[in-house]
Each structure stands twice: as C-alpha cells, then as structure tokens.
Amino acid sequence: MLLGRVTGTVVASQKEPLMDGLTFLVVRQLGVDNSETGSYVVAVDSVGAGVGEVVMYASGSSARQTTVTRDRPCDAVIMAIVDTWEIDGETVYEK
Amino acid sequence: MLLGRVTGTVVASQKEPLMDGLTFLVVRQLGVDNSETGSYVVAVDSVGAGVGEVVMYASGSSARQTTVTRDRPCDAVIMAIVDTWEIDGETVYEK
Amino acid sequence: MLLGRVTGTVVASQKEPLMDGLTFLVVRQLGVDNSETGSYVVAVDSVGAGVGEVVMYASGSSARQTTVTRDRPCDAVIMAIVDTWEIDGETVYEK
Amino acid sequence: MLLGRVTGTVVASQKEPLMDGLTFLVVRQLGVDNSETGSYVVAVDSVGAGVGEVVMYASGSSARQTTVTRDRPCDAVIMAIVDTWEIDGETVYEK
Amino acid sequence: MLLGRVTGTVVASQKEPLMDGLTFLVVRQLGVDNSETGSYVVAVDSVGAGVGEVVMYASGSSARQTTVTRDRPCDAVIMAIVDTWEIDGETVYEK
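Protein chains in written order, with my numbering: chain L, 9 to 103; chain X, 9 to 103; chain A, 9 to 103; chain Y, 9 to 103; chain U, 9 to 103.
So that you can see chain L by itself, here it is in the shape it has in the complex (with noise of 0.2 Å):
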C-alpha cells in the first residue's frame, strides 16, 4: 500500500456499468516525510474518505479484494484512513 492525501473528485457519467455508484477520489501520493511526491491515482473509495484526509490505497487486483470493488474494472482503492504515521520512533502525521 501507499500513504496519499486525497485532493480531488472525478465524475464520470458514462462509464462501464460495473463502475456506477462507486466515488472516484484524487489521491496525490505521499512520501513518509508526508511530503507530496508528484505522482496520483485515482482510486475508489471504500471507506468513505474525504478531500484532505490522509489515507492507504491499494493498486492491482488487490484493489478489487473489497465489497465495493469486487469483479469491477477498478486498479486502485482507498481501504484505510490514516489515523497516525510513525517513522524511526518520531510521528510524521496525526489526524
């Protein structure tokens, strides 16, 4: 997994069918400094995250393991808020 701030939302009104009622959040990946590394994905959301919240996203067919997911043309999925990182004994992040 990967520690991302999701930033933004996607709409897409004419999708594959499998994809209808799924939220479809920006994510901006983080490095463990919680520093912004440049990269995103767009990843559903599976445990009802917002914008500004720092989360865990899977990618792969990992991603397709969750109920809202499962068997869906999906590659990436937010399954975790973060509540607190930990680096060397010191906190990087806390909600």
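Bear in mind the hints are in silico, worked out from the structure with no lab data behind them.
All of these numbers come straight from a predicted model, not from anything done at the bench.
Don't be surprised by glycine CBs; every beta carbon is placed ideally from N, CA and C.
Hints should not be assumed to be uniformly reliable.
[As the list claims (entries may be wrong)] Here are some of the chain Y residues that sit facing chain L, going by a computed Cβ distance under 7 Å: (1) 15; (2) 17; (3) 20; (4) 24; (5) 69; (6) 97.
[Claimed, not checked] Now the stretches of chain Y that chain L is said to cover, found in silico as 3 or more residues with beta-carbon under 8 Å: (7) 26-36; (8) 70-80; (9) 85-96.
The hints should help you fit chains X, A, Y and U onto chain L, whose structure is shown.
Chains X, A, Y and U only, in chain L's frame:
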C-alpha cells in the same frame, strides 16, 4: 485508475483472435493539472470514447473486468469518459 | 498495451518446462512518436512476429490470456502486429 | 521480492473490515548495497518483523498468498526476515 | 520477462512457511546491450541457476506459475537460463 486524453488509434489486422473486434486507442496520461505527463498506453475502449476525449483507464488484471475484455490478453481498458474533475475545490477540467 | 519494435531473440535451452516451444523476442518499447524509449521487454510471441516488426504487447497476468501462454510463467506477450497508428489525425507509422 | 528496512508503523482505525487486526509497517526499499533507494511501501507483516529489521517483501497479487493476507485488499506483504545477503561472494548485510 | 545476471544470494530463516526450501537469488537487471541497469530483484530459482549466470525472470502473478512457486507469496521467478541473445542480427551475449 489514471486520467488520460485519447489522442490516436492503432490498427492491427494480424492479432490474437481473442482481440478481434476490439478498438485500440492511444491514451496520453494526464497529470492532475490536466497537463500531459509524457507517458501513454494503448487501451481497449469499453465505453465508446473518441479521439480528443478525456477518460479514465484501468491497468493490469483489472483491465479484464469488463464485458468486452474478459479473459483476453488486454492490460489496459478505458472504463469511463470524464465529465469533470476538481482539485482542492477548483475545477481543473470540464468536458 | 504498449507499442514496440522486435529487435532480437533470446535462446534458453535450460528453462521451466512450461516454456518449452515458445519463442522469446526482445521488444524495444516505442513512444507514440515511433522513437525508442530505452525500455525493453522479452515477450513470448503469439502472432508470428519477426525481427523488425512493430507490435503491441500485453504485460502482467494479461500476458497469460493467449493459447500459447495460458498458465505459464510468462509476463509479456506479443498479441498483435501493428499495421498503422495515428496521433492527432496524422499517421505516425505504417507497415 | 525486494529488500527493505522496516522504519515505521501506520495506525488506521477506520478501514476496510478485511484489514482488521493486521499490522502495517513502513518499509524503505534497500539497494543491493544496503543503501536506501528513496522508495517505500506500507506492507502487512506476516512474520513478526519489527522496526529496524531488514526484510523481504512481495508485491501485487503475490502479497495475498499468505494466511494473514489471503483475499484481502493488500498489495504488499513482508514474507521473510533477512539473516544475510551476499553479492559477488561478499557479505553485504548480516543480521 | 527481463534479462538479468545472478549476483548473489539471500538467506532468511524466519519466513512465511510457504517459502520454506526455496532459493532466493539476487538478480541484477541487464539492458539489451548486456550492461547493468541499476535495478535488481530477489527472485526464486526454478531452474538451478547459479551466481554469475545470465537468466530470464518473470514478475508478478506470472512468477507463481511454476511448480516450486505455485500459490506462494513470490513475485519474481527465474524461469530460464539464457544461452544467447541477439539484437539486430548481432550476438550480444553467449554463455
């Protein structure tokens, strides 16, 4: 998923029979600011996308989770046409 | 899928028995402008491609969705020989 | 698999229920010379690894092939704690 | 698949039980000109490869399609020892 702009088409008459009848579109990857990143992919279309349109595409095994791509040697599929996306509350792209 | 040019062959007599009889081709990745990107992959041929030809190849689990590669330890397959591709209405490559 | 050093932990109380009870560790990727590469991943622990330890981790669907991660939205798993590795006959790392 | 040279070994006594008995080899990725690219992977050996040998390896779920790696948390496997490869009609490497 990633955001991209459809910029071209690929024609290939001699191909794995499982790919017969599919449309191959050249998709340039877009950054969250709607600029081109320099990367591209050839994706199968599952939503009737045309050249010039902004789309979302899924990669890897997730690209086989649509009716047209199931069980086929396809690793990228356009699964949505984008209407709009917002970053930090501002509209970056509108169809 | 990505575009590539077949530029060579690999011979390997000592191999996983499931790979017996397959043809291994060195494929240099092409950009959308038909220039070489510097990346390559060794792909199994499923369409009778030869050295010099421009092809499309699929990667990952999708590379196992052809008759010759099914259930084999193969992560890249040539699944089409390209006739032509167009970008922004102009022909970039013609066989 | 890749080599990495466990350098931190992630706490996430609001998550996909399938991830309940799993330990999320921040793993910095190591080069073969035991230097940090700058990349990281958040991996689920399946072997009792702790902060400071050098580990091997598997990514993608292979990360779901352990008892603790099977059928879960997990794309990286620590599947071994490294005792030692050698390059060109010289020991690079010893626990 | 990619080309690589086996340059080392990894020993890990504490590991996911499914990995017991497997050999972990450090493989440096080679470019098509037989130079090292700077990337590496730790791959499970399925063909009796030794340090110094040039090999092909498969990544991702395809790495689980050999007898020794099936259903195990393994994302890279050496599936062939290379005898020779040719680029543009010239032999680049010969065992």
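Taking the hints in turn, this is what the structure says about them:
Given hint, residue 15 of chain Y at the interface with chain L, holds; its Cβ is 5 Å from that chain's nearest Cβ, closer than 7 Å. A cut of 7 Å between beta carbons decides the hint on residue 17 of chain Y: the least distance to chain L is about 5 Å, and the hint holds. At about 4 Å, the closest approach between the beta carbon of residue 20 of chain Y and any beta carbon in chain L falls short of 7 Å, and the interface hint on this residue holds. With its C-beta approaching chain L no nearer than about 4 Å, residue 24 of chain Y sits inside the 7 Å limit, and its interface hint holds.
For the restraint placing residue 69 of chain Y at the interface with chain L, the shortest Cβ-Cβ distance is roughly 5 Å, inside the 7 Å limit, so the hint holds. Using the Cβ-Cβ criterion of 7 Å, the hint placing residue 97 of chain Y at the interface with chain L is not satisfied: the shortest such distance is roughly 32 Å. Residue count for the region 26-36 of chain Y with a Cβ under 8 Å from a Cβ of chain L: 5. That meets the three needed, and the coverage hint holds. Given as covered by chain L, the region 70-80 of chain Y passes the check, having 4 residues with a CB less than 8 Å from a CB of that chain where 3 are the minimum.
Counting residues of the region 85-96 of chain Y whose CB lies closer than 8 Å to any CB of chain L gives 0, so the stated coverage by that chain is violated, three being the minimum.
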